[in-house]
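Enquirer: Sequence:
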Amino acid sequence: ADYAGRRNLNVVLGGSAERVIESAHHHKATAAAHRNGPARVNPDPVPTTGFTRHVLVDVDGERARRRAAESWQVYDHNITTHVRRLGEQRQSNPTLDGDGERAMELGLLAAGNPDDVAANLLAVASHSPVDYSMISCCWGSLDHREAMASFELFVTEVIPRVNAGLGLTS
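Numbered according to our numbering, the sequence shown spans residues 2 to 171.
Quick caveat, the hints were computed from the structure, so don't treat them as lab data. Mixed in with the good hints there might be a few duds.
[Claimed, not checked] Here are the simulated distance ranges between beta carbons:
1. 37 to 142: 25 to 35 Å
2. 170 to 44: 26 to 36 Å
3. 4 to 165: 26 to 36 Å
4. 97 to 139: 13 to 23 Å
5. 60 to 90: 22 to 32 Å
Here a beta-carbon is modelled for each residue, glycine too, at the ideal position from N, C-alpha and C.
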């Protein structure tokens, strides 16, 4: 957030709600403080700040959470296999070594029924200057049917809840 803010660059943030909120405020404040700075790259008046979430929505929240935890293990395996094979140390651990339960607890993974997922997104969007959220619907071991069913619920059920929570119209 600091690097992007100093250069007036757009940024997509990840992490817990608390971390994203703090980083989003820092990004906007840093960009404002360096509005006329020599490192400025982006000519837009204010840079865009987004945040990301892996999402799984189901009408049965427990089923979504159970399936998300399983899929998160595969997601971790998919993106860390090469690094582990080489024996390299990772600079960070964004997948929490495949611990989907912990990822949900921290809010990195938004899984559950439409109310649960909307609450996860609102925990960030209603307390920070983010401009948008970027979701990932197809990850880990989720198959096409699961991803599309989740996406359909996201569009028809979650987005209207988030918009209502932010006082926006759909």
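Enquirer: With reference to the structure, classify each hint as holding or not holding.
Expert: Status of each hint after checking the structure:
In this structure, residue 37 and residue 142 break the distance hint of 25 to 35 Å, their C-beta atoms being roughly 49 Å apart. The hinted range of 26 to 36 Å is satisfied by residue 170 and residue 44, whose Cβ atoms lie roughly 31 Å apart. Distance hint check: the CB atoms of residue 4 and residue 165 are about 35 Å apart, consistent with the given range 26 to 36 Å. Checked against the given bound of 13 to 23 Å, the beta carbons of residue 97 and residue 139, roughly 20 Å apart, stay inside it.
About 42 Å separates the C-beta atoms of residue 60 and residue 90, a value inconsistent with the hinted range of 22 to 32 Å.
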